[in-house]
Structures are given as C-alpha cells and as structure tokens.
Amino acid sequence: NGQQDSAAPANGEKKVMKINAASMFDEVHPFTQTYYKFEELVNKYQDEVTIEVKYNLNKSLGIETDYFRFMSQGESVDLAILAPANIATRVPSIAIVDMPLLFKDYAHRNRVLASDLFKAIEEDVVKKANVRIIGYAGGASRSIISNYPITNMEDLQGFKLRVQGAPIWAKVFDAVGAVPSVIAYDEVYSAIQTGVIQGLENEKIGYAQMRFFEVAPHYTLNEHSITVRPLFMSEKAYNKFSPTVQAAIMKAGKEAGEFGAQVELELGQIELDKLVKSGLANVHPFSDADKAEFKARATPALLKYVEEAGFTELYNGIQAIK
Amino acid sequence: MGSNEVAMMLFGVFLILVFARVPVAFALGLACIPVIMLNDTVSLFALIDRVFISYNSFLLLSVPFFLLAASLMNSSGITKKLMNLSRTTVGHLPGGLGHVNVFVSMLFAGVSGSSTADAAGIGKILIPEMIDQGYDRKFSIAITACSSVMGVIIPPSILMLIWGGTMSISVGSLFLAGIIPGILLGLSMMTTVYIYAKRNHYPVYDKSGFTDFFKAFVIAIPGLMTPLIILGGITFGWFTPTEASAIAVLYTMALGFLNKTINPRKFVKILSETARLTGISLFCVGTASAFSWLLSYHEVPQALVALISSMHIGPRGITLMIALVFLLIGLFIDAIPAIIIMGGVLYPIALEAGIHPIHFSIIGIVSLAFGLVTPPYGLCLLISARIGEMSVHKVLKDVVIILLPMLFILILICLIPDIAMFLPRLITPQFL
Amino acid sequence: MIDTQIGKNTSLITKIANTLYRSLLIIQTSFLGFLLILVTLQIISRLIPALPYMLWTEEISRFLLVWVIFLGAAIGVKENSHFTVSLLPEPKSKLGATIWELSIAGLTIIFAAIFTYRGYKYAKVMFWDISDIAQISMIWVGSAIPVFGILSLIFLFETVIKLTKKAGE
Ligand code: NA
Ligand code: NA
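Chains as they are written, first to last, in my numbering: chain A, 1 to 322; chain B, 1 to 432; chain C, 1 to 169.
Simulated from the structure, these hints should not be mistaken for laboratory data. This one's a predicted model, so the numbers in the text were calculated from it and none came from an experiment. There's no promise every hint is true.
[Unchecked claim] A short, non-exhaustive set of chain B residues, derived as facing chain A with CB atoms under 8 Å: (1) V42; (2) A46; (3) F217; (4) T261.
For every residue, glycine included, the Cβ atom is placed at its ideal position computed from N, Cα and C.
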C-alpha cells in the first residue's frame, strides 16, 4: 500500500469516496471496531478508489431503526450494523436470522452463517428494503437484565421487559411467562426508571455501554439467544462502485464481521466483569434445568411462528447443520 | 460544509426568521432547508423523518395530561384552596398578597408540572385582587410571571421528565435535585416582595389564627394529595409518568365533578383547549429535533467540545457558560425544544469537564425556566401580561428587578453543586 | 378563538376553511379524550390482574398523540396561534404590515408544501411497515404528515386571500 502512495500520478487519480457509518455506541464498541476493520480491508482488497469512512457514533444520528430508514432511503447513512428486528417491519423474513433459541452454540451459529442457508433472505432484503447484507457481526449471547434479581423460571413470571420489534420476541417471552412490550431502544433507560418495564434482554456490551446497570443492576445468564448482527450497506451507496470494488466490499464486509464477532465475545465479558468488580452489577446464574424449562416452554411458540411464517424448511435446515 | 458554517447557517437563518415574526416552530424547520439543500447526502426526507419520529415517543405522552391536570386544578377550585392556605400562612407578612402569590406558586409547583398553568390559574385570581388592594399593576404582573417558573423547577416537572428521558438521566434524582433550588428561588422572590412592600407601603394584615390556618389546610388536603400521587407514583415506579399524569387528570376531574365546579360541558371545553395547546407546544419539538439532528450530522457538538476544552476555563467556568447558553436560547425558544437542541450539544462538554449529569441538568432546567419570563419569547410573561391587561415591555423593569436575585441563586447553583446534589445524594445514592 | 360565523359575503374558501376548522376541533379533542380513555384502560388492566395486560394501548396512544400534534399544528395555522417572537416594531403603514404578513404566510406555505409533498412520499413508504405490537400498517399514523400539510395549505390560502383583499381595500 505504501508503494502506491509514493507512486504520485497513479495515486493522484485515485478517487476518494466517502461512506457514512453510524452506531449508537462509542469508539471501542465491537460494532465500531468492525467499521474500522472494514475500512482497512476494503482499501486493501482493491486499488481503484480510496474509501473513507466517517464514523457517526454515540447515537449522533439516532438509533438503529433510524439508520435503517435512512439507508433504505439511500441517504445520510451508508453503513451500519443493525439488529435484524429493526428491519423486520419491512422484511419480516429477516427475523429468523436472529430468532431466540435458534442456535445450539457459538460454533453452530458460525457454521450456519458459513452455509448458504440465508441466501434467499439476503436477496429479499435487497429487493424489499434497498439495503445489502455485506457481513455478519454479533455473536454474543443475549440474557435477561432486570431491576430485581432473577435466578430461576419462577422469578421470570410476570417480569415486564422490553423486547425487540420483531413479533417472535414478544411471543417467546410471553410463552415463558414474562410480559413483553416493544419500546424504542433509546427509551428503554427511562422506561425502566419510570417503571414502564422492569428490564430488557441484551448483550453484555449493550448492558455496559447503554448504562442500563444504573436502573437495572441484575444480569441473569440465561443466554436465550446468540446474536447475528448483519453489517448493512445501503444499496444506493453500493451501486456507486464498480464490480471490482463491490467484490472487495463483500470480501471486506465478511471478514470485518467475523473480526467484530471475535471482539464482541472478548470485550463483552471484560465490560461485565468491570461492572461486577465495582459493585454496579450483580450477575446471576441460571441453572441448566431452568434453561431447559425456558426452552421447553418457548419451543411450541417458536415452532408455531416458524410454521405460520413459512420458514419450516429453513428452520429445519438450520437445526440439521451439525 | 464545515461544522462552523453549518452552525452559523442554522442559527443565523433561524434568528432572522424569528425576528421577522415567523412562528418559532416553522422557523426551526425552515432554517433546516438551506443546510439540507447544500448537502447532497441529506434530503428533505430527513426533515420529515425527524419530525415524525420525535412525536412517536412515549416520553411526550405525559405532556397533554400534565397540561390537562393543571388546567383542571384551576377550574375545579383546587388552586383557590391552595391560595387560601397560602393566605393563612404568609398573608400577614408585609406585602401579604405578593407573598401569597409566591407561596401559592410553590405549592402549585408541587402539584403540577407546568408553569403556564400556574401563571394562568393564579394570575386570573391574584392579579385583579392585588390591583384592587393598591398593589402596583406592573409589580403584580411581574411577580405572578416570575413565581410561575418554579412550576418546572419544583417537582413534578414536565421538563425534568423530558430531560431525563432524552439524556438517560434518573428522573427521580432530578425531581429531588430540583427541590432546594426551587425553594431558594421562592425565598429570593419573597425577599424582593418584602423590600417592595416596605418601599411602597403595601397593606399589612393581621396574622391569621391557628384555627384559620388549620381549616384552610384541611380544605386544601384533597389538592395537596395530588403530588403524592404524581411524585410517589413516578419516583417509586408505581405508575409511568403518563399514567401518573392521567391519574392526576382523573383525580382532579373527580374532585371537580364532586364539588360541582366542573360539568361535562366545561370539561370538554378544557379538553379542547388542552388539545390545541398540546398541538402547538409539541409541534416545535419535531422541528427542533430535525434542527438538532442536522447539528449532530455536521459534528457541531464535537467541534464545540474541542473549542471549549481549548479555552481552559475550568469546570466552574463551564457551568456558568452552560447556564448562559441555556439562558440565551431560552430567550427565543420554549424549554422542551431548547432541551432537544442544546441538551445533546452541551452534555458532552459537561461530561468532559467532570460536571455531574444531575448538576448539569439542574443548571439547564433552571436557566430554561427563566426563559419562561424573559422576552422576546416568554410564555408565562405573555400570559400574566395578558391577564393584567398591560403590554409586555411596560412590566419588563419589574421583571428584571425580580429576576436579578434569582440570577444570583442560579450562579450559586452553578458554583455550589451541593445545592442540587444534596437531596439526590441523600435519598437516591444508587443513581449517582 | 376564531369567528366562524358565516355571513352572506363570505367567500367559498372561507366557508371551506371554517367548516374544516370546526370539524378539526371536534376530531382533535376526541383524539385526546380517546387517549385519556386508553391510558385509563391501561392502568385498570394493570391494577386488576383478572384483566389481560394490554400491550397495544401504549402503541396506539403514541399514534393518537402523533395525530393530536399534527392536527393541533394545523389548527394553530388557522387560528394564527403558533408562538411568535415580538421584538422588532411592527411596520408603520397598513400596506407595509400586510406585505410583511404575506411574506410570513409565503414562508409558511413553503413549509406546509414540503410537508404535503415529502410527507405524502414518506407516508406511502410506510404503507409497507407494520407496527410492532398492534400489527397495523404504519400508514395510519404516517398519513398525519400530509394531512397536516394539506390542511395548513388550505388555511394559508384563505389567509393570503384575506390579506390581499385587505391590501386592495
Ligand atoms: Na412542578
Ligand atoms: Na424567553
């Protein structure tokens, strides 16, 4: 790369293209690190243009649902990692990518993502929402966060929690005896402190970065889901590039996503440990028996949803991957 | 375009439009247009989107009910009963009705979250009465307007709900933090009333006996119950703010129907007035959100943080600067849109300087509350002046005289964080 | 309040504007009343365990508030009650004042036109979005934007006609 920089004429003609990336979190969050990695790799994998990424962090442009609308419109935001639930209002099928209790473990999740199973959904997203999945970050487990201790299924009964927008989340938590409601992510903090809800379910890193521990100091390791956080690029931005650059974008996106997943696994635990150490959060175990009961009570609702939404084949395909 | 150009353009166009008497809500939206046109990565979609999304929020839901409850308190006689209680408590001091005016605003502030309802409800009764008894008309209007600012400083407060919600700061702690500053402001106004009374020889009454006080207190109890419902409900999480405000509506409605001060016809009229007031007061929240989004899109907050930290003025200097900025923006804009525009811009500066979020919030809320009585755009002053049938600039001198000691209190709040932090530290240390 | 008495010499646009205005007052007030009933229901359903906890009330209340605000903003255009700052002295001549007011109306028309046209486009996209809880099409909420725009344009059109008439007199 340094060699090209010194080759003045070639470099002088190399066009600089700007891309706007948005995140609700700070510069150390795995999503942001994924963007950094993407910028590094996409310029490594092609020589045609220099892609410069502008980072809009800390909710400066809004929250994930906002990024989705802007990307879909083809303006203001070009690149963002989003929870699939955020775009399920427009593309309901994407909810299955991130369904609770879908993956057996982290390795299973990675094998599914390495397969071709989500291809149809990826195409659907481009068609209906005008955004393109270029990689998959995420990979952390989601657990329950509450303003009172929850250590078993009994404590979960009547627990009022915020869930993501895609209907499957409300159905699953309803089935296990909790009372789910859908609230915008940036209103969750005040919803807990004003008693609208008693908690939510989230990754360790989100728990720390959104300061949810201030209003809900209990983190219960029930691990009901392993996340898939697609890295999206707006179709309008993507189409500005030549096929060569597009290929580099896809390659860089895929690898940046994998990198981000690794970062999130490590960082999430570090952040949670810090909170526990300073006495700001209490971590509660959730026994295997309780996890099994959670799953047993949720499964009928899951299967019913999968069948109604016409995902049976896909769901079985995912479960079939060893 | 760089951050500085964008900031200058947004605020410049806004100020020009506002001075030309374009309604504030539209001026905020129109100011966005040139910036949007000059940038090819943003379109008018952003304007529409930010406006729409800002309304679709559960935080704003409590606003119409707070306004409705306050309006019902005025119609159902609760305000009158609080006033009688105030008379028997402070009516015997020199400048009795002036003290009653301030004291009842403190009580009213404790039962309602809105300052405008305070100015309207108390002003309607006390301004004519004060004039009758020989008080100066200008003074009567000015003290009514100025004392109403306590409405949003002493909890409950619509401003604190919105503030805590938009910036993820504990609302319960904000409520507690507002109590001492609110009482200090009340005392400063009562001192001013005392001096006025001595200089102008305002009438003095006999001290009411304890039985009168006790009677007035008992009669006011149903009204004084409302803060228990709202404050208790929100602080302890029994109800959401929206539910608490709705319960306050139902409660005052019930009181009004029971003592026959309210009938269905009157209720519908109040409901309709509240609906219209809600529309025009919240509409500017939407355009303010678009305005503030453009500021962040062009990284104005970051530029400002860099600028301020290069000035090395220290945390105390920064608290004063924050107060000044909120006072200035409060000259032109209502408090809620001002929070939306400037809160997010100044918060990073406060954090950078090590100012506690609650201290920062109280400085902002008190400064913005002053904006309710400062021209050219001060809603409480407008309302009081309208009731007193006098044009706003004639009462300005008295407003300034009453505001000066209040500004002194604001400076104290800036320099001595404990004034705000004492109660939250004592009662809700887990949020600090 | 606005004098909505219809006399003999009232122009068609004024008649239309006044009829719209009076219906708007009723609709907007009912929306707020309905909002109050919904939140009351929500509280009752929570306090009485026998009743199912209603999730949709929260969402529908928000949607109603969106309508209350947009309709209220349109009513404010008709009543000319949106808050303004009065700092500069009013123009001395009557004609000057009318021209001044016409310019303000013109700027407000630009604003309302954007909300009509872009709001319509925005709402059209929302047709495909389904709300999270009640699972209704978001067009029911989004259409408040162009409705506000059109109503404001009608009211502003009436204002402009009145102002030009006044200038002509
Ligand atoms: Na208050
Ligand atoms: Na002001």
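Hint-by-hint comparison with the structure:
The criterion of a C-beta within 8 Å of any C-beta in chain A is met by V42/B, whose closest approach is roughly 5 Å, and the hint holds. Using the Cβ-Cβ criterion of 8 Å, the hint placing A46/B at the interface with chain A is satisfied: the shortest such distance is roughly 6 Å. With a cut of 8 Å, the hint placing F217/B at the interface with chain A is violated, because the nearest CB-to-CB distance is about 31 Å. At its closest, the beta carbon of T261/B sits 31 Å from a beta carbon of chain A; the interface hint therefore is violated under the 8 Å criterion.
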